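Trainee: One letter stands for each residue in the lines below.
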Amino acid sequence: MLYNVLIDPFVQMGAAPDLFVQTIWEGLVAGVLYALIALGFVLIFKASGVFNFAQGMMVVFAALTLVGLHEKGVPAWIAVLLTLGVMAILAIAVERIVLRPLVNQPDIILFMATFGLTFIIIGLGEFIFGGEPKQMIATELGLPQGTMRFDILGGKVIIQKIDVAAAVIASLMIAALALFFQYTRIGRALRAVADSHKAALSVGISLNQIWAIVWFAAGIVALITGIMWGARSDVSFALQVIALKALPVLILGGFTSIPGAIVGGLIIGIGEKLAEFYWGPLVGGGIENWVAYVIALVFLMVRPQGLFGDKIIERI
Amino acid sequence: MVQNSTISPGDTLLKVDHVSLRFGGVKAITDVSFDIRKGEIRAIIGPNGAGKTSMLNVINGFYHPQDGTITYKGATRAKMKPYVAASQGIARTFQNVALFKGMSTLDNIMVGRTLKMKSSFFWQIFRHGPAMTEEIAHRRMVEEIIDFLEIEHIRKVPVGKLPYGLQKRVELGRALAMEPELLLLDEPMAGMNLEEKEDMCRFILDVKEQYGTTIALIEHDMGVVMDLSDRVVVLEYGRKIADGTPDEVKANQAVIDAYLGVAH
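Those sequence lines, one after another, are chains A and B.
Under my numbering, the letters of the first sequence match residues 1 to 316, in that order.
Under my numbering, the letters of the second sequence match residues 1 to 264, in that order.
Hints are computed from structural coordinates only; laboratory data are not their basis.
Computed from a prediction, not measured in an experiment: that's the story for all the values here.
Certain hints may be false.
Claimed, not checked - Derived BS3-like pairs (lysine-lysine); straight-line CA-CA distance at most 27 Å:
| # | chain 1 | residue 1 | chain 2 | residue 2 |
| --- | --- | --- | --- | --- |
| 1 | A | Lys198 | B | Lys250 |
| 2 | B | Lys38 | B | Lys116 |
| 3 | B | Lys156 | B | Lys116 |
| 4 | B | Lys101 | A | Lys198 |
| 5 | B | Lys161 | A | Lys46 |
| 6 | B | Lys15 | B | Lys73 |
| 7 | B | Lys81 | A | Lys198 |
| 8 | A | Lys72 | A | Lys134 |
| 9 | B | Lys38 | A | Lys46 |
| 10 | A | Lys46 | B | Lys73 |
| 11 | B | Lys208 | B | Lys250 |
| 12 | B | Lys208 | B | Lys15 |
| 13 | B | Lys81 | B | Lys27 |
| 14 | B | Lys27 | A | Lys198 |
| 15 | A | Lys46 | B | Lys116 |
| 16 | B | Lys208 | A | Lys198 |
| 17 | B | Lys81 | B | Lys15 |
| 18 | A | Lys134 | A | Lys161 |
| 19 | B | Lys15 | A | Lys198 |
| 20 | B | Lys161 | B | Lys197 |
| 21 | B | Lys79 | B | Lys38 |
| 22 | B | Lys116 | A | Lys198 |
| 23 | B | Lys81 | B | Lys208 |
| 24 | B | Lys156 | A | Lys46 |
| 25 | B | Lys208 | B | Lys197 |
| 26 | B | Lys73 | B | Lys101 |
| 27 | A | Lys198 | B | Lys161 |
| 28 | B | Lys101 | A | Lys46 |
| 29 | A | Lys198 | B | Lys197 |
| 30 | B | Lys101 | B | Lys116 |
| 31 | B | Lys101 | B | Lys197 |
| 32 | B | Lys15 | B | Lys101 |
| 33 | B | Lys250 | B | Lys15 |
| 34 | B | Lys73 | B | Lys38 |
| 35 | A | Lys72 | B | Lys116 |
| 36 | B | Lys81 | B | Lys101 |
| 37 | B | Lys27 | B | Lys15 |
Unchecked claim - From the derived model, a few chain A residues whose C-beta atoms are all more than 10 Å from chain B:
| # | residue |
| --- | --- |
| 38 | Ala15 |
| 39 | Leu82 |
| 40 | Ile120 |
Even for Gly, the Cβ is constructed at its ideal location relative to N, Cα and C.
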């Protein structure tokens with residue numbers, strides 16, 4: 001038994017290195033997408049302290065809007081621009097209608113408000129675009145399709161081109177966000193708000209404006225996530241369940257850290273694929289769905305602030 | 001760095017008129033009136049809990065008083081939003097230092113320039129064209145402030161790591177970066193040693209001399225208050241008990257009673 005758990009999986013990894021590489025790659029791809037979803041959570045949590053339960057739904061809504069517009073005959077790239085516009089309107093509406101009246105309320109109330117927001121967006125999405133799953137317009141957007149085969153380590157590794165594209169686009173977007181946060185006036189203002197509301201107000205930063213910008217940024221991230229997830233499976237409301245995988249990612253990475261979201265996403269992605277492939281057969285498979293939460297639980301016991309999160313030390 | 005203003009030195013810059021502020025049943029400020037003249041250093045003193053910080057919060061719009069009005073640069077209003085106060089030239093520092101802890105000294109002071117920077121969101125995203133030119137111009141201005149406050153050596157250090165005295169100085173720098181007409185300082189010397197206090201006094205006087213900035217400050221160190229300020233207003237339990245030059249205030253019986261207690 002101990003041999004089966006502790007040693008045999010590693011023997012297998014060594015015996016078929018091509019399969020091992022394939023598994024790592026699959027994990028990496030899933031990890032990038034988890035990281036993208038977690039990034040949307042982190043952006044909003046950092047600037048406003050709100051845990052946005054609706055982030056998963058925003059991903060679905062963005063993807064639905066894009067596909068829906070295209071179905072109505074709008075060219076693909078114009079549909080992308082229009083969808084960005086819709087996400088901007090959503091951000092401004094959320095700030096005006098949800099956040100502003102609830103300013104200074106306890107966190108749990110804001111959390112419940114985003115919970116309600118989720119159902120409003122679901123209803124809105126179903127009302128406008130219908131409830132059936134849709135195909136993502138991957139070809140129209142010029143995303144590559146098909147597979148690449150590599151002969152390495154005495155075997156074959158198969159890589160989907162769309163996955164490579166997803167990884168590249170995600171990396172570019174994260175780099176762009178990092179530059180924006182680090183070097184521009186608005187980026188600085190965003191970081192300032194995240195550090196101290198009081199001080200940010202005193203230098204004349206408008207919290208309302210910053211919140212709208214942050215929700216819009218989270219909307220852009222949601223759209224890109226939606227395109228990438230949608231291209232791998234299809235665009236349906238079931239996607240928002242996958243978005244809950246962002247929770248263990250956030251626990252791992254820390255709720256306030258962008259690098260944390262990325263590293264956490266990759267660890268969870270790779271971890272669950274490896275666990276499924278090598279340890280899954282021991283219990284009859286299907287552990288992919290819960291192993292992420294186990295990793296998160298272990299982390300909570302050892303390092304509750306996450307890998308990169310702010311450690312909370314209070315003087316008493 | 002000097003602001004264009006129609007108000008000449010000696011005229012009233014800010015007038016607080018019969019202001020009262022309550023939190024539920026707690027009266028923080030009761031019917032307080034005083035004025036701040038252009039170019040002066042105005043001290044607000046009083047025992048703990050006298051309503052001094054509440055007064056600053058009313059002036060820069062964090063709190064909205066239930067009664068009374070505030071007249072700033074000739075415009076009278078019952079309440080002010082922090083954003084409006086900041087954009088009209090009111091800057092402040094905080095009693096227990098409110099800095100952006102994760103950011104460097106330079107970035108902290110750059111944030112003070114936020115309202116002076118105008119380039120659009122579009123250029124900001126690409127970090128090009130007008131946004132870049134602007135960034136460079138403002139950076140120069142910030143370097144000037146850093147020189148002025150003698151904090152060149154900590155330019156790149158995250159402020160959370162700095163000792164308290166230097167944090168206070170960075171906070172002053174951020175307020176100065178707003179090119180304020182009225183600077184509100186909430187206990188600028190609290191928790192400092194003698195040397196740091198002397199430095200801070202020097203900076204405050206220099207700000208007044210070089211930039212003609214009007215300063216309102218709260219301070220507990222009476223030596224500092226008497227040396228620095230042109231006029232002093234004294235609060236106790238939310239009410240004004242004295243107002244005048246340092247010498248007048250020192251001789252005022254109500255002030256002596258408030259600070260030393262009265263024999264019963």
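Trainee: Next step is simple, just say for each hint if it's right about the structure.
Mentor: Structure-based check of each hint:
no., hint, verdict
1, Lys198/A to Lys250/B, "34 Å, violated"
2, Lys38/B to Lys116/B, "22 Å, holds"
3, Lys156/B to Lys116/B, "22 Å, holds"
4, Lys101/B to Lys198/A, "13 Å, holds"
5, Lys161/B to Lys46/A, "21 Å, holds"
6, Lys15/B to Lys73/B, "9 Å, holds"
7, Lys81/B to Lys198/A, "13 Å, holds"
8, Lys72/A to Lys134/A, "13 Å, holds"
9, Lys38/B to Lys46/A, "40 Å, violated"
10, Lys46/A to Lys73/B, "37 Å, violated"
11, Lys208/B to Lys250/B, "24 Å, holds"
12, Lys208/B to Lys15/B, "20 Å, holds"
13, Lys81/B to Lys27/B, "22 Å, holds"
14, Lys27/B to Lys198/A, "23 Å, holds"
15, Lys46/A to Lys116/B, "25 Å, holds"
16, Lys208/B to Lys198/A, "25 Å, holds"
17, Lys81/B to Lys15/B, "17 Å, holds"
18, Lys134/A to Lys161/A, "21 Å, holds"
19, Lys15/B to Lys198/A, "24 Å, holds"
20, Lys161/B to Lys197/B, "20 Å, holds"
21, Lys79/B to Lys38/B, "21 Å, holds"
22, Lys116/B to Lys198/A, "19 Å, holds"
23, Lys81/B to Lys208/B, "26 Å, holds"
24, Lys156/B to Lys46/A, "22 Å, holds"
25, Lys208/B to Lys197/B, "17 Å, holds"
26, Lys73/B to Lys101/B, "33 Å, violated"
27, Lys198/A to Lys161/B, "20 Å, holds"
28, Lys101/B to Lys46/A, "14 Å, holds"
29, Lys198/A to Lys197/B, "25 Å, holds"
30, Lys101/B to Lys116/B, "22 Å, holds"
31, Lys101/B to Lys197/B, "23 Å, holds"
32, Lys15/B to Lys101/B, "34 Å, violated"
33, Lys250/B to Lys15/B, "23 Å, holds"
34, Lys73/B to Lys38/B, "10 Å, holds"
35, Lys72/A to Lys116/B, "44 Å, violated"
36, Lys81/B to Lys101/B, "25 Å, holds"
37, Lys27/B to Lys15/B, "21 Å, holds"
38, Ala15, "47 Å, holds"
39, Leu82, "18 Å, holds"
40, Ile120, "27 Å, holds"
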